[in-house]
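Participant: Letter by letter, the chains look like this.
There are 4 protein chains.
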Amino acid sequence: MRGALKIAIIGGGSSYTPEIVEGFILRYAQLPVKELWFVDVEAGKHKLEIVGNLAKRMIEKSGLPIDVHLTLDRRKAIEGADFVSTQLRVGLLEARKWDEHIPNKYGVIGQETTGPGGMMKALRTIPVLLDICKDIEELAPNAWLLNFTNPAGMVTEAIHKYGKVKSIGLCNAPIGMQKWLMKKYSVPAEQIYTEFVGINHLHWVTRAEIGGEDKLPELLDRREEYSGKNVPASEWDADFLRSLQALPSYYLKYFYMTDVMVQEQLASMKESGTRAEVVKRVEDELFELYKDPNLQEKPKQLEKRGGAYYSEAAVNLMDSLYNDKRDVQTLNVMNGNIIDFLPQDACIEVNCIVTAQGPIPVALTKVPEHIKGLMHAVKTYERLTIEAAVQGSRDLALQALVHHPLVPSVGIAKPMLEEMLEQNKPYLPNFFK
Amino acid sequence: MRGALKIAIIGGGSSYTPEIVEGFILRYAQLPVKELWFVDVEAGKHKLEIVGNLAKRMIEKSGLPIDVHLTLDRRKAIEGADFVSTQLRVGLLEARKWDEHIPNKYGVIGQETTGPGGMMKALRTIPVLLDICKDIEELAPNAWLLNFTNPAGMVTEAIHKYGKVKSIGLCNAPIGMQKWLMKKYSVPAEQIYTEFVGINHLHWVTRAEIGGEDKLPELLDRREEYSGKNVPASEWDADFLRSLQALPSYYLKYFYMTDVMVQEQLASMKESGTRAEVVKRVEDELFELYKDPNLQEKPKQLEKRGGAYYSEAAVNLMDSLYNDKRDVQTLNVMNGNIIDFLPQDACIEVNCIVTAQGPIPVALTKVPEHIKGLMHAVKTYERLTIEAAVQGSRDLALQALVHHPLVPSVGIAKPMLEEMLEQNKPYLPNFFK
Amino acid sequence: MRGALKIAIIGGGSSYTPEIVEGFILRYAQLPVKELWFVDVEAGKHKLEIVGNLAKRMIEKSGLPIDVHLTLDRRKAIEGADFVSTQLRVGLLEARKWDEHIPNKYGVIGQETTGPGGMMKALRTIPVLLDICKDIEELAPNAWLLNFTNPAGMVTEAIHKYGKVKSIGLCNAPIGMQKWLMKKYSVPAEQIYTEFVGINHLHWVTRAEIGGEDKLPELLDRREEYSGKNVPASEWDADFLRSLQALPSYYLKYFYMTDVMVQEQLASMKESGTRAEVVKRVEDELFELYKDPNLQEKPKQLEKRGGAYYSEAAVNLMDSLYNDKRDVQTLNVMNGNIIDFLPQDACIEVNCIVTAQGPIPVALTKVPEHIKGLMHAVKTYERLTIEAAVQGSRDLALQALVHHPLVPSVGIAKPMLEEMLEQNKPYLPNFFK
Amino acid sequence: MRGALKIAIIGGGSSYTPEIVEGFILRYAQLPVKELWFVDVEAGKHKLEIVGNLAKRMIEKSGLPIDVHLTLDRRKAIEGADFVSTQLRVGLLEARKWDEHIPNKYGVIGQETTGPGGMMKALRTIPVLLDICKDIEELAPNAWLLNFTNPAGMVTEAIHKYGKVKSIGLCNAPIGMQKWLMKKYSVPAEQIYTEFVGINHLHWVTRAEIGGEDKLPELLDRREEYSGKNVPASEWDADFLRSLQALPSYYLKYFYMTDVMVQEQLASMKESGTRAEVVKRVEDELFELYKDPNLQEKPKQLEKRGGAYYSEAAVNLMDSLYNDKRDVQTLNVMNGNIIDFLPQDACIEVNCIVTAQGPIPVALTKVPEHIKGLMHAVKTYERLTIEAAVQGSRDLALQALVHHPLVPSVGIAKPMLEEMLEQNKPYLPNFFK
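Residue numbers (the UniProt record's numbering), protein chains in the order written: chain A, 1 to 433; chain B, 1 to 433; chain C, 1 to 433; chain D, 1 to 433.
So that you can see chain A by itself, here it is in the shape it has in the complex:
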């Protein structure tokens, strides 16, 4: 793939698009993009045009020889692409609202990447991604599919199991951790080494070295609040955190402090609606800004959304694949033998070196005992969910739900599942044949 690269961004009408455009501009020297295709579905056409035109203005201002294409024809965008990136949302923010709202009604965490909400998003998204894979297999068999679409772990695992494309799942949490450490210790990225163990949105950092020195005890002792924009703010218990000997992902609050987190969700919903509704308002504001024909750069306000550094993570990955950089990145890849208690074809989120032929996971040097059961419990839910999505099986969906650590019982899972399936009917052809 030497020379002029073609990139296809599926879900190009996303409010994140200006970020990735900025990324391509900044990294042009290493990553000579020639064609940038933004594709979206009919329902997203209006947003695609707004944000696509902003993209064009940004490129124009940069003076770089990159052609921007906006299209509703996915196959045209994919044909001959070197990289395909997915940032789509089946059912839009409306569907996310229900992913959050319905579980909350049953006293359960409502979250679009894990638990009942994550399952529904997976059921909606996996068939669409497998469809995209078929196009890539046919039209761009050598392309890399970079999957940002949540739940990224389940979607990536499904693609590897049921598709034939070369695919990598990507999340912004690892790069977020890096940025936080860079700032905290005033060091460049090269001086930081962190070891991630886990699966998407359920990882622990078991090593954190700055300039080769172990800083983990210090980070566990005096942990300044490190939290994601899309997760409420409850404090960690200091003793517990220290005893873990690992920095948990902020998503782990849902598991370690379930009761508090449910209460915060319910309170926050009362005050400002679901997170989906908050995001919707932020997005609406963003699109208002994007419309401004004088705007030629990514607006600051975009950072309010949870996906900070997403584009940097994406461009880093493309850069390393294209340039065979072999640097260490934390990615969602197939397990192989890395985590010995998970199946070889399970998707995990771990350090990899990125070669031109793809990422190769790096062995884990520490897997604390406490991690194992929880990780396996959530992976079991993920695998049941993937099969449920592919088969359209209510039985498997119920099993997935009941076995998720955040779902308290069959008695709750069953009516909740029924309500969620009904609400998502338009997006679940496998379930409503």
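FYI, nobody ran anything at the bench for these hints, they're computed from the structure. Treat the hints with care, since some could be wrong.
The list makes no distinction among identical chains, and a pair is therefore deemed to hold if it is satisfied within one copy or across any two copies.
[To be verified] The calculated lysine-lysine pairs, modelled on DSSO-like cross-linking and capped at a C-alpha distance of 27 Å, are:
1. K34 <-> K184
2. K34 <-> K56
3. K280 <-> K45
4. K366 <-> K325
5. K270 <-> K325
6. K414 <-> K366
7. K215 <-> K164
8. K179 <-> K45
Dock chains B, C and D against the given chain A, drawing on the hints supplied.
Facilitator: Okay, now just chains B, C and D, sitting in the frame of chain A:
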């Protein structure tokens, strides 16, 4: 160990003792017991005398040449024994009461073999059992230690990890399942084949064949209530049960219907106190009966306790070990390679063939996906608990609690742990040095 | 499969047939055979008639209601069968002669179940067995296929990998060991427990208990000659044998004493031709005997062949499958997790309990270090051979040969392979398309 | 270990010393060495002085502030060291001569890193290295031990199993491959990616990419002779090589072309003595050169020895450890889960990223079937050898020999072992207590 066998029963003052005595009488032809030693601690002396004298009367009536010894000298009982069996309860029923009561106060399942209560029982019991192992290593190095002491899985795992005696963990649930199927299908035990997958008090039956024919679908479809005496009676959801493609242990109700089970526990406690208190009353009645100098057999009322068939399971096992029978029994043994996602030194509850040199586990032919995460989650709690018990570590005890699927959060686990440790202070020398 | 059983014996014209007939007669009470079908190919018609008529006379003499059928129509024999047993030899003894002769020419062990000869036999046999499987899948999908056809390990592994029938591989070596121990210690089979570790024709006995007592050290110390009829007689080195802490299969002499065994083969060939030619003479004599219309029983002379107890092993297995006996038998089955360094779908020869639903392997309690590399080396050759057979690949066949421990170098392997392929051309359609 | 580094070179009197000195001089900017200690045993004092003085002259010429120390006091050299490197040879070249000569007498490959010779070298060397480890544990517990001493794989595995120091095994074959590819394709090291699978002196290169492009088929198709100085020159069979789909280490010729290699060894020995004797003459010449007080640099003639690039490999590794470079290097490290059929504590030779906290192995992306058995066979020999060395066990040594693929039989192994043990008596205190 040909010929005249010496058996040591530690915790001989238990109300179960008449059962095991009956077992030895009935199986005398296969298992020629010469000496039967019942040993207990000072605090249990009174009960030991009552039940021990009943044992003597039972033997006398049988006319068999078995000598019954009652003693407080554990070493004397163990010396030269062929089989040592443990049925002790550190802290007596009083301690169990708190195992059930304190978690309930925090809205958590209170149960003496899993969750917070199971952890406390393990913390009290493991050091005592390891101490007994030292005596056996010294005084009866070829003896088999049959461990009935709950939580049998954790205790057996600790013995294998930290002791050097030949030990097997035993539970009455598998034989209970067998008895139920025998009755249901009017067949002898030899015509039943069941495959157990799991760990102690957390197993699933994935095969159930009668005369070689698969009856599992039938059992899942129309499951007559099969429940233990010490577990409340809530009904299984029929769809869910069918979808599992495996018969879950009745202890799994705690995990699959947590909310209902907590409610039942709270209601039942209000009405009749904790299960420990109910058992205490049953026991008091039993000992009243045992005192009767005319009683020469096991009274019917003993069956009200949860441990039905315990003695039959024990005598079956001794018989097969002694006679190299190689029949299939479901036992608690070291995993080895049987369950590929658990460590080799984890204790699991699976089918074994019992040879004179010990049980050998049999491969599993089915491990449904849904089983894996939950089993691993509870095993993680068990391993953390064992380390906590051996090291006297609060950190590990907190981790064990937080990672148990029945404990909702760190916020609840922490004060609950403090209260339980304080309550158990006399039995936790490792924690209060 | 209650009641009147139908058995199909493929390769019914074999000289072993009277053994299996005798077996059915002796075990009739447990195994109520109704129809016994002997099937062979056109080239074996003459032998089929001779031995088939003897079978009829044997049944007649027994007075049992068993119908004997002789046919060249394989599909008719298979249709509705409960058990299908294969004892065929593709290319007859003539092919075996070359399996032994060609390697010998190159100074290499010539043996029909391992090394170059074993590979050629596998290349000839696997496609035929896979073809038989297709018939069984269609005409008797519930039948058990008992595979006696050598190389039994490779053939069974190929069937499991590429076929869909329920199949078990069977060898007479384990029952031979049992018979030897029964005689040596004057005990019934029930008092013997041996643990087999390995693969077909490459196993070690790591436990040998008589009445529950460990006799392995004694057997290793003063090993009376225990050797197969088809393996030359060289003595074991006593020190080496003791150091192994396991009784090696007599086939292991080929690996441990390669030089001596090659010399013995060459000397023996000079004197009396290849083993195939010796066997041919024995067979010719047998068939002369079989022709005698007054002969109504298995003649003593049959025991001169190497396959002693084959029929007893076969009937034992059918009996346990039919009657759900759950006794321990040493069989060739899929590995699963039993041997942790071999693939799950590798065929291994280990102890199993035999249930009505099939054999379940039993965990290994001892795997001496020295076993691992050699077993894996031969398994690698087996796996490469199976793929070579299925794909008709010379590259894989060459790899298989070079990686077999008995083949000294590429330089020898290459011309030897060419000569063997050429010699076997009629039986290798995959290789000569 | 910031700042002024202390390096201890054990076996400092080696003829390789000028190479490593040159390495430190060239890499000074990245690796600020302050003290360079060369230590040797009494018998090597003369050589230590000669080569040590050359080292001093080289440093002087460089003008760098490095202090060179020559000593016979190992503890003084080790105390407080940052890196300890071992390049010693127990028994000197005289012992190597017998490692080569005795096996040859029995018609077996005589080689100092594998087979009978490799075993003897391991038996002599492992106890000495474990002794050095004790000093390091006491006097420089944070030091990295870089082990170059052959057989590097077995020695490194023994250190990890029985010592407590941080240790890495190193071989020059991987860097040799890199240099060859750099020259062949005229590219810098950064553009080459090779994947190594295997164990020390028994590896295969399964990926070879230049600038991200797969060059393996090309390399297999037209393989220019790539061979080590210490391995005879026989040509690979082109078909066989292609079929392997992996570039074998040149040591694999011993396994794939055993007969030819034995003949070459015997012929070469007749002509010029064992390889040890050839090396001895090269060394004598080198030391004559080293004596020249005007010599201030590494002489060209040093390259005649087999260890080309050893020093570059060593300095690369120290540089990456010191500077936390995280580049990919091929090293001898503990397996963990990387090769799923070998034990976790087996030493393997694979790609690692080198962090300040040590190397972390990278997952394997391809493990051809044919590799498995041979690698496991040699690993079995290695593990038996390590135990033999530690226990001084003749039984285990015999087992190790018999199970090595290059040893044809027990009959040959036994007298050969006796003769080798006798010849090495002064260096085998464990065996002659």
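Participant: Give the relationship of K179 and K45 under a CA distance limit of 27 Å: within one copy only, between copies only, both, or neither.
Facilitator: Neither: 34 Å inside a copy, 55 Å across copies.
Participant: 27 Å Cα cut-off: does K34 pair with K184 within a copy, between copies, both or neither?
Facilitator: This pair counts as neither: shortest intra-copy Cα distance 37 Å, inter-copy 33 Å.
Participant: With identical chains, the pair K270 and K325 could be close in the same copy or across copies; at 27 Å between alpha carbons, which is it: within, between, both, or neither?
Facilitator: Answer is neither: 48 Å inside a copy and 51 Å across each miss the 27 Å cutoff.
Participant: With identical chains treated as interchangeable, where does the CA-CA distance between K34 and K56 reach 27 Å or less: within a copy, between copies, both, or neither?
Facilitator: within (13 Å within a copy, 58 Å between copies)
Participant: Between copies, within a copy, both or neither: which fits K366 and K325 at Cα up to 27 Å?
Facilitator: both (26 Å within a copy, 20 Å between copies)
Participant: When Cα atoms must be at most 27 Å apart, do K414 and K366 count as within-copy, between-copy, both, or neither?
Facilitator: between (38 Å within a copy, 26 Å between copies)
Participant: Given identical chains, is K280 near K45, meaning Cα to Cα at most 27 Å, within a copy, between copies, both, or neither?
Facilitator: within (17 Å within a copy, 72 Å between copies)
Participant: For K215 and K164, with the copy left unspecified, which applies at a CA distance of at most 27 Å: within, between, both, or neither?
Facilitator: between (41 Å within a copy, 23 Å between copies)
The structure shown violates the earlier hints numbered 1, 5 and 8.
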